[in-house]
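In the order they appear, the protein sequences are chains B and Z.
With the first letter of the first sequence counted as 1, position 229 gets the number 229 in the UniProt record's numbering; the numbers rise by one all the way through.
With the first letter of the second sequence counted as 1, position 197 gets the number 197 in the UniProt record's numbering; the numbers rise by one all the way through.
A couple of the hints might just be wrong.
Treat identical chains as interchangeable: a pair holds within one or across any two.
Within a straight-line C-alpha distance of at most 27 Å, the following computed DSS-like cross-link-like pairs (lysine-lysine) qualify [what the hints assert, rightly or not]:
(1) K73 - K218
(2) K172 - K218
(3) K69 - K192
(4) K73 - K105
(5) K39 - K69
Since the hints were made in silico from the structure, they are not lab data.
2 protein chains.
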Amino acid sequence: MAAHVQDVFMLFGDSITQGAWEPGLNGFGERLSHVYARKLDILNRGLSGYNTDWGIPVFEQCFAKHTEKHAPKVRILTIWFGANDACIKPSPQHVPLPKFIENLKHIIDMVHSPESAYYSPFTRILLITPPPINTHQRKADLESRNPPLPLDRLFDITKAYADAVKDVAVEKKVALVDVWSAVWEAAGKEEKALARFLNDGLHLNGEGYAIMYNELVKTIAEIYPEVHYDKLGYVFPPWLEINWDSPADSLYVVNRESA
Amino acid sequence: MAAHVQDVFMLFGDSITQGAWEPGLNGFGERLSHVYARKLDILNRGLSGYNTDWGIPVFEQCFAKHTEKHAPKVRILTIWFGANDACIKPSPQHVPLPKFIENLKHIIDMVHSPESAYYSPFTRILLITPPPINTHQRKADLESRNPPLPLDRLFDITKAYADAVKDVAVEKKVALVDVWSAVWEAAGKEEKALARFLNDGLHLNGEGYAIMYNELVKTIAEIYPEVHYDKLGYVFPPWLEINWDSPADSLYVVNRESA
Chain B
1 MAAHVQDVFM LFGDSITQGA WEPGLNGFGE RLSHVYARKL DILNRGLSGY NTDWGIPVFE
61 QCFAKHTEKH APKVRILTIW FGANDACIKP SPQHVPLPKF IENLKHIIDM VHSPESAYYS
121 PFTRILLITP PPINTHQRKA DLESRNPPLP LDRLFDITKA YADAVKDVAV EKKVALVDVW
181 SAVWEAAGKE EKALARFLND GLHLNGEGYA IMYNELVKTI AEIYPEVHYD KLGYVFPPWL
241 EINWDSPADS LYVVNRESA
Chain Z
1 MAAHVQDVFM LFGDSITQGA WEPGLNGFGE RLSHVYARKL DILNRGLSGY NTDWGIPVFE
61 QCFAKHTEKH APKVRILTIW FGANDACIKP SPQHVPLPKF IENLKHIIDM VHSPESAYYS
121 PFTRILLITP PPINTHQRKA DLESRNPPLP LDRLFDITKA YADAVKDVAV EKKVALVDVW
181 SAVWEAAGKE EKALARFLND GLHLNGEGYA IMYNELVKTI AEIYPEVHYD KLGYVFPPWL
241 EINWDSPADS LYVVNRESA
């Protein structure tokens, strides 16, 4: 069985999180796995197609209660929803904007409220805005399906959900990674130009993930510098620091008292 | 804290394992993270520069004892050493061949021997041979350093360590992923041609990892088909299978009795 030797960086969200290790994309999951190697385990808790209504029951299972002393600490948590919540009716993925806002606050309170069974004061939260929608690309993609599907997301609606994420971050005093604005600005604020950053009008491509990853790392460096990968040491020593004459002296480093 | 919701695919080895999420390489860590998303957590337990002598104390901490009932099950374990053990004297990384063989057997026995405190009969082990060395590339790389370093690995010596890995796999009846032979054959059995698969004469580049990943997945499909990613379902349901009228009915799936 896998012992707890490294704390955790948990990525919680929808398909844009789930797909963040896709080969060729240099997604943020892959890149975090690389830079946090031997420091934090990056756990993929991305759920394709999920909205916050469905995400909360999953989060109640993925995030341990504070009474579960043996569980690895979640040092950093990204919460990245909105792309599906912002679907328009009659999509079953649609979550009304007020409910979306309530859900995001609920997830944050689960982690940061001292009254919560999941209270985890050491978990740094990063709230991420959904990327802007390119309805031209999205419409073409959906019309190409068999059977063809009607447009399910609108530019302005997703923008409203992105704005709500920003407001929640301010109100709840957690860090914000504003992917919506960063990608929108990179596209010169022109919807069709978003095709450079989205592969189907909805999901980030390699260039889109590059913008997102840079924003994420910049935000960690600014808001939570103590958990930036450059500030965390290896759990097990670099091989040049091992005591070669008596290796065991330097290699037993994990406190297993809770085992 | 992070609850145990997914079992684990643990990658234990040296730098060739640690670096398996490096952006641009499509390494086997990244690719496994992608195909096992929502099925198994891929844990990087690669340790740059380590040999088996140093790896064993680390493994005793990374692999839980069978009395630690709350720990996630390790469903698949790759053990990939030899590249450093095969260093020639006076390198501190050198481990004599008989000791290397003894160490590999010890790691396997830790997991598979009913007498072991770490006994885990459900863990499928894959033993991996180190890649062949291109001494031309390696020599040039070491000579370019400041100060220049002498050649530390030889083609035939690493081959002997790779052969030993194969023998141990047969003796201990665990699956073998013979990267040494696969890369050697792809290079037309010509040492200089290995430059196509190695970036410095020692570490796999993208083409090298592609060969390794294909061999690994083929071996899982043949020897342990029940844990091939196509045979494992998502822990949490695909969104189209959620009961939209009463989502909680389908979304509470993790047995937390041990919590």
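For each hint, the structure was consulted:
1. For the homomeric pair K73 and K218, the shortest alpha-carbon distance inside one copy (23 Å) is at most 27 Å, but the shortest distance between copies (35 Å) is not.
2. For a Cα distance limit of 27 Å, the shortest separation of K172 from K218 inside one copy, 20 Å, qualifies, whereas the shortest one across copies, 48 Å, does not.
3. In this assembly of identical chains, K69 and K192 lie within 27 Å of each other by CA distance neither inside one copy nor across copies; the values are 50 Å within and 54 Å between.
4. When the C-alpha separation of K73 and K105 is checked against a cutoff of 27 Å, the pair qualifies only within one copy, where the shortest distance is 21 Å, while the shortest distance between copies is 33 Å.
5. When the C-alpha separation of K39 and K69 is checked against a cutoff of 27 Å, the pair qualifies both within a copy, at 20 Å, and between copies, at 24 Å.
Of the numbered hints given earlier, the model fails hint 3 alone.
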